[in-house]
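Enquirer: Sequence:
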Amino acid sequence: MSIPNRIADIVTTHSKIVIIALLLTTALVGYGMGDLDDDSSLDQFESESDEAQALEDIDERFESEGDENTTSVQVITRGDNVLTQESVIDSLEFQQEIHANESINATLVENDSITGVENILAITAISQEQAAELEAQGAELEERSEALEQRSAALEEDYAELEADQAALEAGDPEAPSPEELEQRSEELEEREQQLEEDSQQLEEDSEAFEEEQAALQEGDGEQPSLDEQIEALEELDDDEFEELLTDTLSDDGNNDAAALGFMASSYDPGSTQADARMTMVVQQMDGDAMEMGGNTGGVLESQLDLRELANQQDQDYMVFGIGIITDEIDRSMGDSLAIVGPLALLFVVVALVVAYRDPLDIALGVAGIGAVLVWTFGFMGWAGIAFNQMMIAVPVLLIGLSIDYAIHVFMRHREQREADGVSSTVRGSMTIALAGVGVALVWVTATTAIGFLANLVSPIGPIREFGIISSFGILAALIIFGALIPALKVEIDSFLESRGMDRRKRAFGTGEGRFTNVLTLGSTAARKIPVIVLIAALLLTAGGVYGATQVDTSFDEEDFLAESPPAWTEHLPGGMAPGEYQAADDLEFVNQNFQREDTQAQILVEGDITDDDALQRLSDAQDEAAESSTVYTLPNGEADVQGPISVMEETAAQNESFNESYQAATDGDGVPNENLDELYDELFEANEDAASTVLHRTDGGDYESARLIISTQGDASFADTTDEMRMIAGTIDVDGTGDQRNLNAGDGELNAIATGDPIVSYIVEQDLLETVLQSLMITLVAVFGFLTAAYWLTGNSATLGTVTLLPVAFAVSWILGTMHLLDMPFNVLTGMITSLTIGLGVAYSIHVSARYTLELERQGNVWSAMHTTVTGTGGALLGSAATTIGGFGTLAFAILPVLRQFGIITGLTIAYSFLASVIVLPTLLVLWTRYFGPDVSFETSGSITGTPTASDGGTERQTETEIADDARDEEE
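In terms of our numbering, the sequence shown opens at residue 8 and continues consecutively.
Bear in mind the hints are in silico, worked out from the structure with no lab data behind them.
Be aware that one or more of the hints could be misleading.
As the list claims (entries may be wrong) - Restraint-style ranges between C-beta atoms, simulated for each label pair: (1) Ile10 - Asp723: 55 to 63 Å; (2) Asp235 - Glu571: 21 to 29 Å; (3) Glu149 - Glu251: 22 to 30 Å; (4) Gln231 - Glu195: 46 to 54 Å.
Here a beta-carbon is modelled for each residue, glycine too, at the ideal position from N, C-alpha and C.
Assemble the whole structure, with the sequences as input and the hints as a guide.
Expert: Written out as structure tokens, the structure reads:
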């Protein structure tokens with residue numbers, strides 16, 4: 008007895024033991040579901056690279072005190088004109104409400120937690136008022152000084168007159184005043200002198216205080232005015248004064264640092280009193296490490312949600328955009344997508360099984376088997392410590408469809424056997440032969456499908472590797488459940504029911520004559536009548552697909568993971584399935600088009616001898632080149648948003664006279680220091696340590712080892728364009744001129760520069776996705792080819808049959824890639840696995856057809872009758888399994904996550920293409936294989952199809968009429 012027959016006999020003969028053992032195993036594996044965790048962080052998709060390591064080093068080296076573990080929320084005010092006095096004051100009052108909210112206020116940083124145009128305007132108004140007061144005070148001090156000088160001069164004259172009168176008295180001048188009068192005048196003059204000294208001392212003290220207040224106002228070192236003071240300052244302005252304040256503050260005439268322009272939309276015209284959007288930044292303190300996109304945000308997430316709710320209650324239109332809000336929507340979209348897709352997939356499968364099985368008990372067994380497969384899969388995830396992420400939402404749908412494939416093939420083959428005569432008509436006997444006949448094909452299908460999934464282990468992206476592992480385990484679980492547990496249950500239940508008089512015989516789907524039969528025989532008919540046309544058509548489609556494959560892009564955008572606004576029909580779903588509201592995707596698009604995002608900053612890490620005299624000149628050249636880049640974000644004043652050591656020095660020199668002297672002394676008049684940089688860096692840290700530490704890294708020993716440029720990029724610029732531009736800019740600094748490699752051994756006077764930042768790291772992920780597509784495709788093709796070749800050779804068939812079986816799947820790969828190009832669908836974290844999945848999933852259909860064909864060819868000895876039996880028997884099961892799998896994946900089209908929708912659509916098409924290739928193209932290839940490489944059989948068409956039974960015996964030889972007669976005589980004797 009062969010191994011497949013022995014295993015099938017064990018399952019059916021010892022069905023009770025099999026049931027108990029597998030149910031206990033299900034309970035044990037399923038226990039791991041309690042340890043299953045979830046992770047929606049997008050950082051988990053990043054792989055190890057020089058750019059990623061450089062970004063980590065930047066985060067560790069460059070941060071000012073108090074900036075550790077902070078995140079910024081963009082509160083954007085929108086309206087017809089958000090620069091009216093009323094609108095600006097309303098925003099300040101909104102800030103008061105933010106501070107009054109305990110949940111939000113507890114997360115705000117201590118100083119300058121909220122900054123916007125409204126604050127800059129109010130503080131400027133207060134500063135101008137203070138400046139006016141100081142000017143008046145200065146004038147008053149000047150008047151007092153002049154008065155004191157006059158009093159001092161008068162006092163000197165009076166003293167001189169007193170001395171003259173005293174001299175006249177001593178000379179005996181009869182007209183001289185009396186001694187008593189002179190004494191009185193002397194006392195009065197002494198009192199006046201003392202008062203003059205006291206007034207002079209007070210004037211000196213007042214002047215010193217005035218100078219301190221004046222210096223504080225100029226340097227901005229004074230205490231931040233309260234929101235009440237800011238509101239009062241703006242309310243006191245009349246229309247003309249406010250308009251003048253607005254124009255001066257938002258102008259670009261060189262009289263101010265244009266700080267307010269950084270909070271205006273990129274389309275804003277500097278100095279204009281009209282704008283439809285402006286931004287306010289809210290800075291929050293986080294617990295622990297820096298927040299990841301979609302990662303764990305702690306209390307910040309709740310506070311940002313509270314901030315958005317508070318903003319929605321205002322009269323003005325506010326949009327709140329922050330990482331916490333994005334994380335919330337990513338987390339919710341995972342659950343909402345699963346809540347919609349799961350029931351819909353299960354419903355579709357049940358409906359499909361009703362059509363295919365037409366038997367409540369078989370339907371119930373199929374659904375129970377699916378449940379067991381999912382329990383095994385998620386339990387394994389818990390035991391293995393693999394978190395449930397966005398990609399894992401596709402796993403249940405994938406396993407539902409593939410599990411039903413196994414169920415349909417087993418059940419349909421069992422039904423075919425029950426239609427045959429003899430001992431195989433019993434429940435156990437027919438199930439034994441069915442499992443023995445289809446079991447080998449199922450094992451091959453499991454192996455090739457697992458190969459397709461496990462090919463993703465070569466991917467540098469962690470979640471893709473985990474997806475491959477989990478899916479492979481799930482497929483293995485499906486083989487065990489539907490190859491042993493469900494057949495054993497069916498044997499026990501059907502035997503029990505038939506022992507009580509209930510007939511459990513059912514016709515297999517696709518057998519007999521009818522519409523389905525006519526459709527399924529198209530491939531065999533074409534193979535007999537127009538094989539050349541079939542091959543030419545397949546090759547032409549494949550050539551077009553290959554061209555389209557070269558045009559498919561890769562994508563790792565946040566938009567792929569952000570749910571769009573759910574369609575109107577979802578409002579009518581039951582409460583547990585109805586999704587929530589989603590607006591982050593629309594908000595992200597608005598921010599990309601109008602403002603600078605914190606997470607779209609590119610950075611250039613510069614390491615080496617940054618104290619060399621030419622170091623800052625090379626950084627200056629890089630800044631100039633960045634200003635010309637089309638991907639760099641441009642402020643409303645037309646300047647590129649680039650920060651570095653030179654820009655920090657210029658800002659500090661404008662505010663600190665002492666540093667300005669050193670700064671100017673270190674330059675040749677071109678604004679770029681080129682000598683004594685070590686000492687200049689020291690003075691910069693003394694004058695403005697917070698700003699200096701964001702662009703220069705000073706070790707504990709006081710050495711300067713690295714610097715960085717912070718380059719804000721356009722939110723809608725592609726990662727590829729941004730990366731190319733940034734590497735070119737870094738190349739102007741780098742000693743090797745590349746900008747994409749990190750050399751930590753730069754020599755004296757040499758600098759190494761590498762472009763990094765979120766856009767560049769995301770581009771690396773895109774390249775990793777493309778690498779995954781190509782490598783997994785090649786590995787899957789080679790591995791499946793080797794497996795099929797060896798398997799067919801070991802089972803007594805020609806090794807060339809493996810090539811023939813795989814060829815239609817290779818066609819389907821090119822077709823699906825061409826379709827992705829036509830649909831403008833990129834490779835992302837899910838669709839990037841489509842090539843290996845197409846082979847892994849699609850080869851199952853070809854294996855079933857090839858296996859059944861060779862079996863029927865041996866049984867019947869005629870090519871056309873064998874092919875007819877194959878496409879009507881196995882083809883019917885394939886059609887049913889393809890329909891359920893396509894429908895299962897099709898339900899992903901209802902997911903609210905774009906990446907899931909794309910994966911569902913493209914995988915559904917993959918199944919359709921694979922099915923069509925197996926029942927239309929493969930028959931022609933098999934006929935050609937039989938003619939040139941196969942066994943010596945008949946190609947006669949006359950009478951070869953008519954009368955050929957469609958029921959299969961699972962591999963036993965068909966009895967001839969003589970053998971049947973001999974058996975009958977033996978029974979009579």
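Enquirer: Confirm or reject each hint.
Expert: Outcome of the hint check:
no.: 1; hint: Ile10 - Asp723: 55 to 63 Å; result: 60 Å, holds
no.: 2; hint: Asp235 - Glu571: 21 to 29 Å; result: 42 Å, violated
no.: 3; hint: Glu149 - Glu251: 22 to 30 Å; result: 27 Å, holds
no.: 4; hint: Gln231 - Glu195: 46 to 54 Å; result: 51 Å, holds
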